[in-house]
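J.: Listed below, chain by chain, are the residues.
Number of protein chains: 2
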Amino acid sequence: MSQEPTIVSKEDLENRDAKWVSLKKLNWKDHTGKERVWEVAERRTRGSSGLDAVAILAVIRSKTNAFPASTVILEQYRPPMDKFIIEMPAGLVDANETPEQAALRELHEETGYKSDKVLESSSILASDPGMTTANMKLVTVDVLLEDKLEYPDQKLDEGEAIVKRVVELKSLYNELKEYEKKGFMIDARLNHFATGLEMAERLKGSL
Amino acid sequence: MSQEPTIVSKEDLENRDAKWVSLKKLNWKDHTGKERVWEVAERRTRGSSGLDAVAILAVIRSKTNAFPASTVILEQYRPPMDKFIIEMPAGLVDANETPEQAALRELHEETGYKSDKVLESSSILASDPGMTTANMKLVTVDVLLEDKLEYPDQKLDEGEAIVKRVVELKSLYNELKEYEKKGFMIDARLNHFATGLEMAERLKGSL
Numbered sequence: 053m054s055q056e057p058t059i060v061s062k063e064d065l066e067n068r069d070a071k072w073v074s075l076k077k078l079n080w081k082d083h084t085g086k087e088r089v090w091e092v093a094e095r096r097t098r099g100s101s102g103l104d105a106v107a108i109l110a111v112i113r114s115k116t117n118a119f120p121a122s123t124v125i126l127e128q129y130r131p132p133m134d135k136f137i138i139e140m141p142a143g144l145v146d147a148n149e150t151p152e153q154a155a156l157r158e159l160h161e162e163t164g165y166k167s168d169k170v171l172e173s174s175s176i177l178a179s180d181p182g183m184t185t186a187n188m189k190l191v192t193v194d195v196l197l198e199d200k201l202e203y204p205d206q207k208l209d210e211g212e213a214i215v216k217r218v219v220e221l222k223s224l225y226n227e228l229k230e231y232e233k234k235g236f237m238i239d240a241r242l243n244h245f246a247t248g249l250e251m252a253e254r255l256k257g258s259l
Numbered sequence: 053m054s055q056e057p058t059i060v061s062k063e064d065l066e067n068r069d070a071k072w073v074s075l076k077k078l079n080w081k082d083h084t085g086k087e088r089v090w091e092v093a094e095r096r097t098r099g100s101s102g103l104d105a106v107a108i109l110a111v112i113r114s115k116t117n118a119f120p121a122s123t124v125i126l127e128q129y130r131p132p133m134d135k136f137i138i139e140m141p142a143g144l145v146d147a148n149e150t151p152e153q154a155a156l157r158e159l160h161e162e163t164g165y166k167s168d169k170v171l172e173s174s175s176i177l178a179s180d181p182g183m184t185t186a187n188m189k190l191v192t193v194d195v196l197l198e199d200k201l202e203y204p205d206q207k208l209d210e211g212e213a214i215v216k217r218v219v220e221l222k223s224l225y226n227e228l229k230e231y232e233k234k235g236f237m238i239d240a241r242l243n244h245f246a247t248g249l250e251m252a253e254r255l256k257g258s259l
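Read top to bottom, the protein sequences are chains R and G.
In this text, residue positions in the first sequence follow this note's numbering: the first is 53, and each later residue adds one.
In this text, residue positions in the second sequence follow this note's numbering: the first is 53, and each later residue adds one.
So here's chain R without its partners, still in its complex pose (with noise of 0.2 Å):
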């Protein structure tokens, strides 16, 4: 039975009672030796690797060239936002994996779809530096079909509820729109992304 997630209420959250995220102070010197201070929001899940999460861009493309080089975005509701957000599929580095492994793991679980050639390993990149220390990685994938455009099932979790939409690259920036006309949100990132595609076709001859 499915129904319009909600949120029920709300409340202070204090460091010693939260898993997942903390509050920090931080104290540093300025460039003039001033003492000042930037107040921070950090995850407690970090491992080793230094990293928080992976994005990753899929690019589907047919062996033949039979259709249109595409991607693969998600539709998820995202409680922090009370919104169903439109995003690039992406999830936490685990202890004991590479980024690039937990890319092509999370996209296989989330999509369906199955990579064995990462294209580009990003650095690790700053998700919102003036607010919190989250980082990431764009990892960019290949997925080679043959002729026909495949919709392989999901791997989701027991409770997850994500929807996967194949959109060809040269339509994303239009789909977006479209996807807010219908009261969905998109995620900075991939709007970001879908403007650059979409800024290189509009300056074609001035670039």
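Honestly, I wouldn't trust all of these hints.
[Unchecked claim] Calculated cross-link-like contacts (lysine-lysine; reagent style BS3-like; alpha-carbon spacing at most 25 Å):
id: 1; chain 1: G; residue 1: LYS71; chain 2: G; residue 2: LYS115
id: 2; chain 1: R; residue 1: LYS256; chain 2: G; residue 2: LYS71
id: 3; chain 1: G; residue 1: LYS115; chain 2: R; residue 2: LYS77
[To be verified] Covered, in the sense of this in silico footprint (three residues per stretch, anywhere, with C-beta under 8 Å from a C-beta of chain R), are these stretches of chain G:
id: 4; segment: 72-81
id: 5; segment: 119-129
id: 6; segment: 147-154
id: 7; segment: 201-211
id: 8; segment: 251-258
If you are wondering where the hints come from, they were derived from the structure by calculation, not from laboratory data.
In this text, a Cβ means the ideal position worked out from N, Cα and C, and glycines have one as well.
Put chain G on the given structure of chain R with help from the hints.
T.: Showing chain G alone in chain R's frame:
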């Protein structure tokens, strides 16, 4: 006298002592009706606009096409990461301004560039929806110059240390790689925008 900024110490911060952020526990019901909890950080500074921050994508162009379309990015020490981060210009939205006014003000302060033409203002985006309630808009503005690239002075507040850098859009992806080699960290949103630009170029023909 300029010196390397440093973290002096880090301590737990409780909600009652925090001015800028707070830690919350969300009690929510999932799609099966099951009660769950989610831990989240939120900004205390959000005004009636409902928006925390804006980032600015400045498209710097020549009226006569005398130089390639460019943008301006910043190098800035961020205590949460204890590193110099490469970012788009950005800032919090003041209580009395629209997102677009905030974007043009921050662009002028942080880079010296003036614009009165907003090309596009995104919907409200989720900055890191698994961990925080933070949201933002990406405002794309036109900086139309005559035939020469100009480098106006910044209008920084006392104590601000932000280095600006003008980069051709077609080189942005590679310039970020150069920054990484020098020990800078890249903001995820800027990285994703540059990845979109680069992917459009690399996939030409299969899009």
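J.: Decide, hint by hint, whether the structure agrees.
T.: Consistency of the hints with the structure:
1. G:LYS71 - G:LYS115: Not satisfied, since the Cα-Cα distance of roughly 46 Å exceeds 25 Å.
2. R:LYS256 - G:LYS71: Roughly 46 Å between the alpha carbons, so the hint for LYS256 (chain R) and LYS71 (chain G) is violated.
3. G:LYS115 - R:LYS77: Status violated; Cα separation ~48 Å.
4. 72-81: As far as the segment 72-81 of chain G goes, the hint holds, because 10 residues have Cβ atoms under 8 Å from chain R.
5. 119-129: holds (count 3)
6. 147-154: Violated - the segment 147-154 of chain G has 0 residues with a Cβ nearer than 8 Å to chain R, which falls short of three.
7. 201-211: With 1 residues in contact (Cβ-Cβ under 8 Å with chain R), the coverage given for the segment 201-211 of chain G is violated.
8. 251-258: holds (count 5)
Taken one by one, the earlier hints fail for this structure at numbers 1, 2, 3, 6 and 7, listed in ascending order.
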